[in-house]
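S.K.: Chain residues, written in single-letter form:
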Amino acid sequence: MNTKFCVNLSFSKNDPDKATVGFVIANAAVASNKETMVFLSTEGVRLATPGYADDIAEPGFAPLKELMANFAKAGGKIFVCSPCFKRRGLDETKLVAGATIVGGAKLVEFLSENASSVSF
Amino acid sequence: MGCGELVLELRFRMAELAGGTQLHLIASDPGAPEDLPAWCRMTGNRLVRAEHPDYWIERG
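So the sequence lines, in the order shown, correspond to chains A and B. Residues 1 to 120 (my numbering) are what the first sequence spells out, left to right. Residues 1 to 60 (my numbering) are what the second sequence spells out, left to right.
Just chain B, same shape as in the assembly (with noise of 0.2 angstroms):
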């Protein structure tokens, strides 16, 4: 999975967390490393750590 189905997953799961909970999320698709930190900046979700594939999100 990667590219807007990524990204529509991720803010699915993210809605169903309260504030301040981070999320792992494990994403091999290549564009992963640039679309992460995109999604986060458009969203108000914090990219705490990012060590392809692996990212961790905290809810904004």
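Next up, chain A with everything else stripped away, as it sits in the complex (with noise of 0.2 angstroms):
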């Protein structure tokens, strides 16, 4: 059985219902003893900017900023593409709990390692 599973999510603010339900569905995994991993890519880098999320709340889902908090307080991890978050001129040394600037090697390397994923 697969142990690893990753969520891969390329948005923020631009389809805060996909940017909620791609970490409702991290938390499932991380409640199921999955090793979680959240890939933020493209739009989904500003998610890792603390306060960002403070404003997305989509109706019927619990407060983005409540989903990833307890994600990380499961043990979930947040990897952020490095190029995605650079030309958006964010401040690297500011990241919200759990997350970590990577780049493609790392995904590649966790993806490789047998893991499922699902994208948003």
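For the record, the hints were derived by calculation from the structure and aren't laboratory data. Each hint should be verified, as a subset may be incorrect.
Stated by the list, open to error - In silico contact screen, one side only, chain B against chain A (beta carbon under 8 angstroms); selected entries:
| hint | residue |
| --- | --- |
| 1 | Cys3 |
| 2 | Glu5 |
| 3 | Leu8 |
| 4 | Leu10 |
| 5 | Met42 |
| 6 | Thr43 |
What the hints assert, rightly or not - In silico DMTMM-like links for lysine to aspartate or glutamate, alpha-carbon gap of 25 angstroms or less:
| hint | chain 1 | residue 1 | chain 2 | residue 2 |
| --- | --- | --- | --- | --- |
| 7 | A | Lys77 | B | Glu16 |
| 8 | A | Lys65 | B | Glu9 |
| 9 | A | Lys34 | B | Glu34 |
| 10 | A | Lys18 | B | Glu9 |
| 11 | A | Lys4 | B | Glu34 |
| 12 | A | Lys13 | A | Glu58 |
| 13 | A | Lys77 | B | Asp35 |
| 14 | A | Lys77 | B | Glu5 |
| 15 | A | Lys34 | B | Glu9 |
| 16 | A | Lys73 | A | Glu35 |
We treat Cβ as the ideally placed atom computed from N, Cα and C, and that holds for glycine.
The task is to assemble the complex, starting from two chains supplied on their own in separate frames and drawing on the hints.
M.R.: So, in structure tokens, the structure goes:
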């Protein structure tokens, strides 16, 4: 049985519904004892900036800030696409809990270790 | 509360219990009848009884 699970997320405030559901599914994975990683790329990387997600709250879901905090509390990891982050001029010294800036090799390594993934 | 929010909260609550202790969960989410048995299978907890929306789960 696969023990690694990856959620690819490339949206933030440009599609708060997808951003929220991505973390809901990530929380289901980490709650189910999967080694879970959310890979943030393109517009999704904005979620790694503290405070950015504070005003994202989709009807029917917990606020995104709470979903992300619980994900980190449960041991979930967030990988943040380095070039995507840089090209948006974001501050790499300030990241939300559980987040790490990575390059493609780190993602490839994780996925190559028999991981399952879902994309939003 | 349902889906990932529900099972993550469930994980936090179960972690506070001693092995063999049962938790009575009331989950009205329509996905719960499929999700909760799956979660129990993956996490080694035992679904003792399920009568939606009532679930009794024993910590494994």
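S.K.: Does each hint hold? Answer for all of them.
M.R.: Right, here's what the structure says about each hint:
Restraint check, B:Cys3 versus chain A: the minimum CB separation of about 5 angstroms is within 8 angstroms; hint holds. Against a cut-off of 8 angstroms between C-beta atoms, the interface hint on B:Glu5 holds, since the closest Cβ of chain A lies about 5 angstroms away. Because the beta carbon of B:Leu8 sits about 4 angstroms from the nearest beta carbon in chain A, less than 8 angstroms, this interface hint is met. With a least beta-carbon distance of about 7 angstroms to chain A, the hint placing B:Leu10 at the interface is held under the 8 angstroms criterion.
For B:Met42, the interface hint holds, since its Cβ comes within 8 angstroms of a Cβ in chain A; the closest pair sits about 4 angstroms apart. For B:Thr43, the shortest C-beta to C-beta distance to chain A is roughly 5 angstroms, which falls under 8 angstroms, so the interface hint holds. Our distance criterion of 25 angstroms between C-alpha atoms is met by A:Lys77 and B:Glu16, whose separation comes to about 23 angstroms. For the proposed pair A:Lys65 and B:Glu9, the alpha carbon gap of about 15 angstroms is at most 25 angstroms, so the pair holds.
Between A:Lys34 and B:Glu34, the direct Cα distance comes to roughly 18 angstroms. Compliance with the 25 angstroms bound is thereby established for this hinted pair. The suggested pairing of A:Lys18 with B:Glu9 holds, with an alpha-carbon distance near 21 angstroms, which does not exceed 25 angstroms. For the given pair, A:Lys4 sits about 22 angstroms from B:Glu34 by alpha-carbon distance, which is consistent with the 25 angstroms threshold. Distance check on the hinted pair: A:Lys13 and A:Glu58 sit about 11 angstroms apart at the alpha-carbon level, within 25 angstroms; holds.
With a C-alpha separation of about 23 angstroms, the suggested pairing of A:Lys77 with B:Asp35 holds against the 25 angstroms cut-off. Between A:Lys77 and B:Glu5 the alpha-carbon distance is near 17 angstroms, which keeps this suggested pair within the 25 angstroms criterion. Distance check on the hinted pair: A:Lys34 and B:Glu9 sit about 15 angstroms apart at the alpha-carbon level, within 25 angstroms; holds. The straight-line distance between the Cα atoms of A:Lys73 and A:Glu35 is roughly 13 angstroms, inside the 25 angstroms bound, and the hint therefore holds.
Checked against the numbered hints given earlier, this structure breaks none of them.
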